[in-house]
Amino acid sequence: MMGEVGRLQPQFPTLARQREADHFGMLIFLTTEVLIFGGLFAALFVLRAEHGAEYVKSSKAMHLWLGGLNTAVLLTSSAVVALMVEAVKAGGARLAKWLLSGAIALGLMFLAIKFTEYGLEYRDGLVPHLSPRNLHGGPDTLFMDLYFAATGLHALHVTAGLALLASLIWPFGAAPRDSSAVLAGNAALYWHLVDVIWVFLYPTLYLAR
Amino acid sequence: MNLYFWPPQASLHAEHVDWLIGTFGLLVALLAAPVFILSAIYLVRFRYGRKADRSQREAGNVWLETSWAVIPFLLVMGFYVWSTRIFLDQQSPPDNALTIDVIAKQWMWKFQHAGGQREINELHVPVGRAIRLTMTSQDVIHSLYLPALRIKQDVLPGRYTQEWFTATDTGTFPLRCAEYCGTDHSVMGGRLIVQTPADFARWQAQAGADRSLAQRGHELFDRLGCAGCHGGNAQGQDAAVRAPPLAGLYGKPVPLADGSIVRADDQYIHDAIMLPNKQVAAGYKPIMPPYGNVLDEEQVTQLEAYIRSLGAGGGT
Amino acid sequence: MTEAKSQVNPRMSQEAIPDTAEERVSYLAEGHTLKSWLTTTDHKRIAILFLLSITFFFFCGGIAAALIRLDLLTPAPDLLSNDGYNRAFSLHGIIMVWFFLIPSIPTTFGNFLIPLMIGARDLAFPRLNLASWYIFVLGGLATLATVVLGGVDTGWTFYTPFSSTYSNGAVFMALTAVFISGFSSILTGINFIVTVHKLRCPGMTWGRLPLFVWAHFATAIIFVLATPVLTIALVLVALERVFGIGIFDPRLGGDPLLFQHLFWFYSHPAVYIMILPAMGVVSELITNAAHKQIFGYWFVAGSAIAIAVIGFMVWGHHMFVSGQSAYASAIFSFLSIVVAVPSAIKVYNWTATLHKGDIVIDGPLLYALGFIGLFTVGGLTGLMLAMLAIDVHVTDTYFVVAHFHFIMVGGSVSAFFGALHFWWPKVTGRLYNDVWARLSAILIFCGFVMTFAPQFLLGYEGMPRRYHVYPAVFQPLNVMSSVGASILAVAYLLPFTYLFWSLRYGKPAGPNPWGATGLEWTTPSPPPKHNFETVPIVDKQAYCYPVGGRGEQSRPRTQKADDDG
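Chains as they are written, first to last, in this note's numbering: chain Y, 1 to 209; chain V, 1 to 316; chain B, 1 to 565.
Extracted from the complex, chain Y is given alone in its bound form (with noise of 0.2 angstroms):
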């Protein structure tokens, strides 16, 4: 598997339709990570029509800046991933793995912010089962839920873009042999989609007005 990358495979007639195809089955693939979620949006908007004064009341109770914060993080990133990509292209690999390196130091701050959040929810109350102090065991509490569920598994999603790219340099280095930008391409439109989902979620859970 490892080795050149981006290798003409024997059922494909040529380089041109193999790449084609690769592209094409992750964009698949991401419609399927924004069919998931999209059960979760589809909860909290079924949420926010029947308990609307409740659910912008706890809408209002998030951290807006610490959530504005991660937002601007992660478009950043999603722009140093861009730009990588356009570097392994060009064959810059010294560059591709400092733009990759600056892109996986921006997803852990992410990280770091978010859970830091969930730490300040913690203290303040707002952790269901865990910290419900503050909670009345209604649309708030439900409205919680769904934060945790849906933030919880945006940042698994991000932990898993976060080790692809980091596959990228280690331990193979595949980046410098992907001439084609291939491997790198799918692990950018990955971690593009991730960003995107936060680009709904950060509305959806902390702006509802």
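Hints are computed from structural coordinates only; laboratory data are not their basis. Glycine included, each C-beta is placed from N, C-alpha and C at the ideal position. A hint or two may mislead.
The calculated lysine-lysine pairs, modelled on DSS-like cross-linking and capped at a C-alpha distance of 25 angstroms, are [stated by the list, open to error]:
| no. | chain 1 | residue 1 | chain 2 | residue 2 |
| --- | --- | --- | --- | --- |
| 1 | B | Lys35 | B | Lys529 |
| 2 | B | Lys507 | B | Lys529 |
| 3 | B | Lys198 | Y | Lys89 |
| 4 | Y | Lys114 | Y | Lys57 |
| 5 | V | Lys285 | Y | Lys57 |
| 6 | B | Lys529 | B | Lys198 |
| 7 | V | Lys285 | V | Lys252 |
| 8 | B | Lys198 | B | Lys540 |
| 9 | Y | Lys60 | V | Lys285 |
Which bits of chain B does chain Y cover? Going by a derived footprint, with three or more residues having C-beta under 8 angstroms, they are [stated by the list, open to error]:
| no. | region |
| --- | --- |
| 10 | 114-128 |
| 11 | 184-193 |
| 12 | 196-207 |
| 13 | 229-242 |
| 14 | 245-251 |
Take the given structure of chain Y and dock chains V and B to it, following the hints.
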């Protein structure tokens, strides 16, 4: 052993449903018949080795395709309209319906009549009268199925659902749980007993109802200390802690703390007792303790009956 | 869609193609070790791996069914305890749905045939294909673990709050098993979609694709769009079970109906996953048996896509009495009638295909006819269920059980057996005895009707489903059903005997024993590892059977017609 073929029809609705499925069955049989008949004919006539005219074979025919899609669809639509009308009728009980409360729990059915009579797994009703069942579950989802009436409705925890009927035949009919609910799901059932008005009145009298539902509710109200906040006659005055008055509350609009307005129906009162801070009344603090762990659904039904009985003037 | 010669993958024609027949190595002979099978990326071998796995689970689910029908011979709970029975039907459902029906035709015949039918050497992502199998096996192991841990009693539908709060069974393990199997489905779906888009050989336009491929393409769309919603629904139940969060618990402000919406949003399209491939098979079998072009190619192809799309809009018909709003129910009822139309189109088109055909009545055709008969009854009873007033009475009764078994078992399983027989020579290189095949098909049909037809009546009479103990008045019909089930069991075992026998003693099959059209029939039986020596170039429509004149026999005598042993 008698051969049981068709369930009894104990209401007009049951007759309507039987007509519906009978005629619809005829329609779909007619739509399917050509497939079976023609296939059989073709298998014989065009069998390999048999001489037949196989010239001018068609690979398609848009007119034919369209007509055998559209015509059956339109025919079925007719039945859709009929069926939906019957269904929607079954969602709106008449105003003068006799209300009976139903509480389902693993694995029994509890019925509470307004007059205070309680039954387990048996439901006595008078013939010819509209009966409305207001149902909730103590635990998981159940479903009250009355095959002779051709009706069923899921019974949910934390929510009220309803079904209504007018029985046209006296007799004893099966009553079954129709939503899988655990170990004894298949034995969670009993009997629907439809009686003449005279017999029903006699049953009511002897069913040992010393107090009506509302009277039981009043007792609970006092015993649990609700009066402490809501006042002795639920007027809201002479209470140590300020709580909303309940007299005349039932059915009225209630402004909530978040600015919205809800109607004080059974569901609202149920939630106000079990999960009071879900919807806090405007101008009051969210300090009512929840009774979800103290009361079961039967007791909540009794409290509701009591609150319903409170006119603008006061309690019973 | 021709490729310039210089851009053609030089490997495809440079492969050391032997000159003589003896030197051609079939995919079966390339490596005999276990390792060669377990590390294969050949779609044909992976199909065999799947075939073995799903057959194993078919037996497991069948044993559960046997326990159920045995116990239901009497109204009293004499074979199993109430809890034991509840576990039996739950495991029957979980195993049959996720570990037999959903993978069945796509992962076996879909995997084997799609590349062959489109003139490709393999699927787009062979390693992903193998991963899909391993994930399936992992899910299967988790299912077996569920059984070992005492089983689960929530029903295959996992309704909350019973599953999330009240059940005492191995719910978490069961949820895990299904969760894992979902990823297997998703990978297969991705593979099929990309393969059909990108690996069609020159001349194989969309309009020339076999209907089998169209059906699997539509199925793959559902795999990819519906399965993730199941994934999240199961995750939420698991979270509730483990952490006690209250998404589905009304005591904590949650809503049990939310689970039903999420669950059925997947599970209704899932039933189309179970039927569309079968319909694709039937299109192949009918055209071959009649030796004739399909009637209404684009209508049949388009109806597969229509079923896949509209199938996403009807999930609420499982919830008419759930407490869902009456107006939502009315809309779902309407849409459920709409979704029946494309299926009706298919059935009418198959019938019309037989008209002026040149029909050989062999095993595969009998299975296809069995499908048409049983699917039609199942589908029409589905229309009945779409009618609100009828559904209120018969939902959650044996009427529904009969309905879906007619479609799933009478339909899909019949088509699966039809596919097994039709492509057996291609997959194994052997011919089987057709007399036994015809006997099996008829026995399956009869056993099936005897088992499930009485259940329609039982349902209308008021026997709810998932009942271990039942009122004595229902016993005669239950006995009839159980007797039918025993016939059905024998009928299902029968093909294993003569098909296995053919592996050793059957006559070697030539490339095209049925005289069928389709690129898969231009390869040797069994095909070599890379399927085609040179890239096929297609210039004809699908099902281009030679047209006979008046009274002429329109097909050459084939090897099959000779073979009567």
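Against the structure, the hints:
For the hint pairing lysine 35 (chain B) with lysine 529 (chain B), the CA-to-CA distance comes to about 16 angstroms; that is within 25 angstroms, so the pair holds. Proximity of lysine 507 (chain B) to lysine 529 (chain B) is assessed by CA-CA distance (about 22 angstroms); at most 25 angstroms being required, the pair is judged to hold. Distance restraint check for lysine 198 (chain B) and lysine 89 (chain Y): the Cα-Cα separation of roughly 24 angstroms lies within the 25 angstroms cut-off, and the hinted pair is therefore satisfied. For the given pair, lysine 114 (chain Y) sits about 21 angstroms from lysine 57 (chain Y) by alpha-carbon distance, which is consistent with the 25 angstroms threshold.
Taking the CA atoms of lysine 285 (chain V) and lysine 57 (chain Y), the gap is about 16 angstroms. The hint holds against a cut of 25 angstroms. A threshold of 25 angstroms between alpha carbons decides the hint, and for lysine 529 (chain B) with lysine 198 (chain B) the separation of about 20 angstroms falls inside it, so the pair holds. With a C-alpha separation of about 20 angstroms, the suggested pairing of lysine 285 (chain V) with lysine 252 (chain V) holds against the 25 angstroms cut-off. Taking the CA atoms of lysine 198 (chain B) and lysine 540 (chain B), the gap is about 20 angstroms. The hint holds against a cut of 25 angstroms.
Note on lysine 60 (chain Y) and lysine 285 (chain V): the hinted pairing holds, with a Cα-Cα distance of about 20 angstroms set against a maximum of 25 angstroms. Counting residues of the region 114-128 of chain B whose beta carbon lies closer than 8 angstroms to any beta carbon of chain Y gives 10, which meets the minimum of three for the stated coverage. Three residues within the 8 angstroms Cβ limit are the bar, and the region 184-193 of chain B against chain Y gives 5, so the coverage statement holds. Remark: the region 196-207 of chain B is confirmed as covered by chain Y, as 3 of its residues place a Cβ nearer than 8 angstroms to a Cβ of that chain, reaching the required three.
Counting residues of the region 229-242 of chain B whose C-beta lies closer than 8 angstroms to any C-beta of chain Y gives 7; at least three are required, and the coverage claim holds. Counting residues of the region 245-251 of chain B whose C-beta sits closer than 8 angstroms to any C-beta of chain Y gives 4, which meets the bar of three, so the coverage hint holds.
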